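Protein chains in written order, with my numbering: chain E, 338 to 701; chain V, 338 to 701; chain L, 338 to 701; chain C, 338 to 701.
Read the hints as simulated data drawn from the structure, not as lab findings.
Every value quoted in this text rests on a predicted model; they were computed, and no experiment measured them.
All the given hints hold, so there is nothing to weed out.
Because identical chains share one entry, a pair is satisfied inside a single copy or across any pair of copies.
Calculated lysine to aspartate or glutamate pairs in the EDC-like style (CA-CA distance at most 20 Å, straight line):
id, residue 1, residue 2
1, 389, 590
2, 399, 639
3, 381, 639
There are 4 protein chains.
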Amino acid sequence: MALKKAGVLGATGSVGQRFILLLAEHPDFELSVLGASPRSAGKKYKDAAHWKQTDLLPESAKDIVVVECKAEAFADCDIVFSGLDANYAGPIEKEFVEAGLAVVSNAKNYRREPTVPLIVPIVNTDHLEVIEKKVAAAKAEGKPKPGFIICISNCSTAGLVAPLKPLVDAFGPIDALTATTLQAISGAGFSPGVPGMDVLDNIIPYISGEEDKLEWESKKILGKINKEGTEFAPLSDDEMKVSAQCNRVAVIDGHTECISFRFANRPAPSVEQVKKALAEYVCDAYKLGCHSAPKQTIHVLEQQDRPQPRLDRNRDNGYGVSVGRVREDAVLDFKMVVLSHNTIIGAAGAGVLIAEILKAKNVI
Amino acid sequence: MALKKAGVLGATGSVGQRFILLLAEHPDFELSVLGASPRSAGKKYKDAAHWKQTDLLPESAKDIVVVECKAEAFADCDIVFSGLDANYAGPIEKEFVEAGLAVVSNAKNYRREPTVPLIVPIVNTDHLEVIEKKVAAAKAEGKPKPGFIICISNCSTAGLVAPLKPLVDAFGPIDALTATTLQAISGAGFSPGVPGMDVLDNIIPYISGEEDKLEWESKKILGKINKEGTEFAPLSDDEMKVSAQCNRVAVIDGHTECISFRFANRPAPSVEQVKKALAEYVCDAYKLGCHSAPKQTIHVLEQQDRPQPRLDRNRDNGYGVSVGRVREDAVLDFKMVVLSHNTIIGAAGAGVLIAEILKAKNVI
Amino acid sequence: MALKKAGVLGATGSVGQRFILLLAEHPDFELSVLGASPRSAGKKYKDAAHWKQTDLLPESAKDIVVVECKAEAFADCDIVFSGLDANYAGPIEKEFVEAGLAVVSNAKNYRREPTVPLIVPIVNTDHLEVIEKKVAAAKAEGKPKPGFIICISNCSTAGLVAPLKPLVDAFGPIDALTATTLQAISGAGFSPGVPGMDVLDNIIPYISGEEDKLEWESKKILGKINKEGTEFAPLSDDEMKVSAQCNRVAVIDGHTECISFRFANRPAPSVEQVKKALAEYVCDAYKLGCHSAPKQTIHVLEQQDRPQPRLDRNRDNGYGVSVGRVREDAVLDFKMVVLSHNTIIGAAGAGVLIAEILKAKNVI
Amino acid sequence: MALKKAGVLGATGSVGQRFILLLAEHPDFELSVLGASPRSAGKKYKDAAHWKQTDLLPESAKDIVVVECKAEAFADCDIVFSGLDANYAGPIEKEFVEAGLAVVSNAKNYRREPTVPLIVPIVNTDHLEVIEKKVAAAKAEGKPKPGFIICISNCSTAGLVAPLKPLVDAFGPIDALTATTLQAISGAGFSPGVPGMDVLDNIIPYISGEEDKLEWESKKILGKINKEGTEFAPLSDDEMKVSAQCNRVAVIDGHTECISFRFANRPAPSVEQVKKALAEYVCDAYKLGCHSAPKQTIHVLEQQDRPQPRLDRNRDNGYGVSVGRVREDAVLDFKMVVLSHNTIIGAAGAGVLIAEILKAKNVI
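One chain only, chain E, in its complex shape:
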């Protein structure tokens, strides 16, 4: 089958570099257009990017000449991945959507738009229905394919909601949730990202905007679509109380989250029932046969000292989430430790899997 043409916005940045790594030898996509700042435009990618990944810069990307982030240069792209910094993403992504392009963005700018799906691809693929309908309607009316944007969630939100989804499916709503995160530094990029003086022999008990994202985005992702199928209706603060405390720790990749939660329904399930629901969960992306979808969505670990970021973050190439220490909680119902790979399921990797789902559903 013909490969879908992929563009990358913010291609020289930290998220952009990971998009390029994931797309370089992808069975569904081919790297087609790379966009970056005017400073980089006109240069070969290998000269424009300060490549700082553990894998070598893929041959297929080296000689692509970087362009500015203007929609016309991406007109042939079936899908555009945005790794743009939030300071730039707003107007650029808007222009791309208005030009009829399909955009999957890691930026936070449009996550709270009522009509924009906020997707964790192992969790709420049903939210893509809003886009599917829009595309189908245009087709039915003989109009050209409409542009749209789909937002990737915040990284720590992805790890949080992954195990919550099967639990809510199985046991009904969660009405209270606390999460204390121990977050890796890779999510902050590398120029300069988190200063070394902050991470050596230290903890930073604050990440700008993160707690609010965790608290808000989880309500949209676990929320519903309106009856018309056009807008999202996040859970209210009453339906699910969420409290987050976010810390930056000396870990390269992998967010650890110590969470506790309470179900709305009584009696609550047993620990064994909770573990079973987690272990048996199969995400839609896997059922759709998507290339990057995890074979095992949630890995339930029984060793008392797991999950650990260095040992467990790469399960299913970073698309699987690990859960350990599931046990009863004296204040709410249960507590457990969740580990997810922040740059895979929490950022660029999620974007690529979302695009795989769109392809599987013939949306692109």
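Following the hints, put chains V, L and C in place on chain E, whose structure we already have.
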């Protein structure tokens, strides 16, 4: 005034070394007897100990000949500090108490004994009343001074209860409390302590026995003495629900705890009232004029990214506790970040301050 | 082609676990017998090993029942890999060789035996000639295949000699060499390995026995075979002066070595000639078509801040060595930075590649 | 005695903050004027500085109103410490000197000026003679006190030359020297300084300009003054060949340097003679009674795994240098490990000690 003679049990170990550092130039105490394993006995301390502190081995300790941990060798000690490993502390400390010695122990063995005070010296010095009464009674009866043991709390418990005490004093009972800890590695000692492979680019989401200690000890420390003044009555699980999640992180010294809690009384105080109560708290040890007592017991930090272990752990020489990010919590009433120095207020340092209090109260 | 049957000695240890990972899906070998201490014998491998690798325990190894390290249990093995601790390796490996088995060992015990090849498989495969001759002679005489042992070099030695070999080949002997190493902690294993207190915010400027190994082993590996083809003749201290200073640093995998060296011949080559010789070097293992052999043996990096362990250690799956900052030296001729993956080309990985070479040469 | 008035240039930066900490309760100096960028000028220091030290901001500095770095505002200062970034230091320091001020600078700008002393205060205080003469001459001529600048050396240079000085004094010239450094990150400041992604599980084998500084500055510091007493005559490349390889490692404070060196004279001294010369060395600053001068200039450690930065960097408050593993070297004469505190004897601390010496010598 004559210095009190101090003995140290487990003198070559990690806690013992810190006792020696704190006592070496202390205005109240002089190092008198150092006890260790039979393997070390008979050697000069400088030859017996594998010294691994950032300060040099004090001159006054170098040539003390180490003895075995037998009570008779410590008969002249006014106070004995125990840094013994829990595997050995039980019978040895018992022998010392039965021999009429005053013991302050860092081991966990007797913490849950109903008649043994479990003391955080900036929190519950009133619990020493049980010992004071016992000593006074013996004196009144013309009997020899009775032996006794006072337990130092677990390190993460000390940090947790320090800010809770002034809040309970001011606003009444706390009925629910969650704590997620990010604990330094120094508490685990150094032979071998936490393996390097566990701490580099990693988190260990489990510390053996720690969560149970945090949950149980906090109830004893914030609890009452019975009417007879002879036994302790910890809070019940109904009076205060406590849930802990403990993690080991790549920090040398300083335990960070992300806590949230709810007061039993309604309406709850305001954030400003909470901060004020914390900032105005003056621990008894300071009022008593104890040498090591912190001038400021609780440091309330306003910068949003503090406290940080590397920057804030040494406030008041490690006897002060730092609290930051005090804010409302969507699930309970408040959440905040607490930082305490695990080897000072959470271990050997607490022992020395307890002894200073005993001296100030003429118990020793 | 039929897979060669592989045994692993010390299978539950850190090196043994890596042998199992590398062999589990290997095109040349199948895991056949796993040997460990009597304590582990009789258990399934998944129950005997405390698995601490970043990859999951391979399915094919899980249910193999561990045996004691006795030669008779390994009689069917075409090759036996030894990850035994040096405290046990001596007599066990001897017994295996005497029983006619082919042993590739990571232990140091027999490295200095004059008749035992000490092999870095991207460097001195010609040294295997001693074994080839022995095997051929037995065959010619109609005798059974003789047992033999081949030693894997010390980890930091492997990284050191890799770039020296092509330089000596091209420009003649090196007569003086200094190496300061910054070594990863994974080489020290994990029970307990390097204590966390030693690696956080710290350097340990000493690794027991390491400097002597680096200085001695490099002379054997770069040395010759005697005329009879039976024994090794290491370079003398006069032929090549080597001085090493070894440090343990806070890195998980990957040894960095800052080296400087002088050629015996005048005039010395130019920097460009040195780089060219390094870049063009193709190791014999690659020419032989070995599965794990690096496509690019030496990666010559031009960026001034490379190689870096986190970014560069996995070149060619850890079998390639990276060299950067090649430049003239004010004291000797040249200086440069060498990075090699200590658990791959410096330990278990080298053992597997040596076995691949033996198979390619029909020695096993 | 009246305190000398001290000014600080670049007061809000990382070096400036350390000057303030060291001067705040100093027996010789009082903080008088704090200069920073126009952005900070007019604010109280506590509002202008983003304080990131482990000690609290001294009370005496909090309310000083920051001024711009213009000489007139510093006219009353007896001494001005410059922590200015090299991008700004050139013209500002020049202006100050021309205005008749005494400047001690941490910036690199004037280090190579033939008339400017480059001082490591535990090494080459005799180089201050050039300034003393100049000041004395002006006095003799009845002229106003002349302005001057004294440069603090590069941090890794300070550690290197400290043990070399007593050796050269005792055994004559060193004609060849190699140094591989493992440098702490604090020297790079904190906004942003070394990125966390560069230091976790990693080494950066390059520090911009550092090797050249180490190689050049050591020759000036160990060099002579010309006959007229007006200019410095660094050692030539022939007199002392120096080769440096500089690495950034995951250490907060404390530069470790693995060095090897050869004496010009034969026979070379013995290891014991080298150790003795190091241990017996008493720096001039101590003889002058300077407050911060180390009681023990060089600590010779006998344990084979020392010095270690975390354990040994604070000897004599960071003004003492530790040397360990002194042993013979196969290529040059000796090798050893040197540890020095980069922000004390390698930066701000050196500046303060230089000023103490100037005061002791009545130059200020």
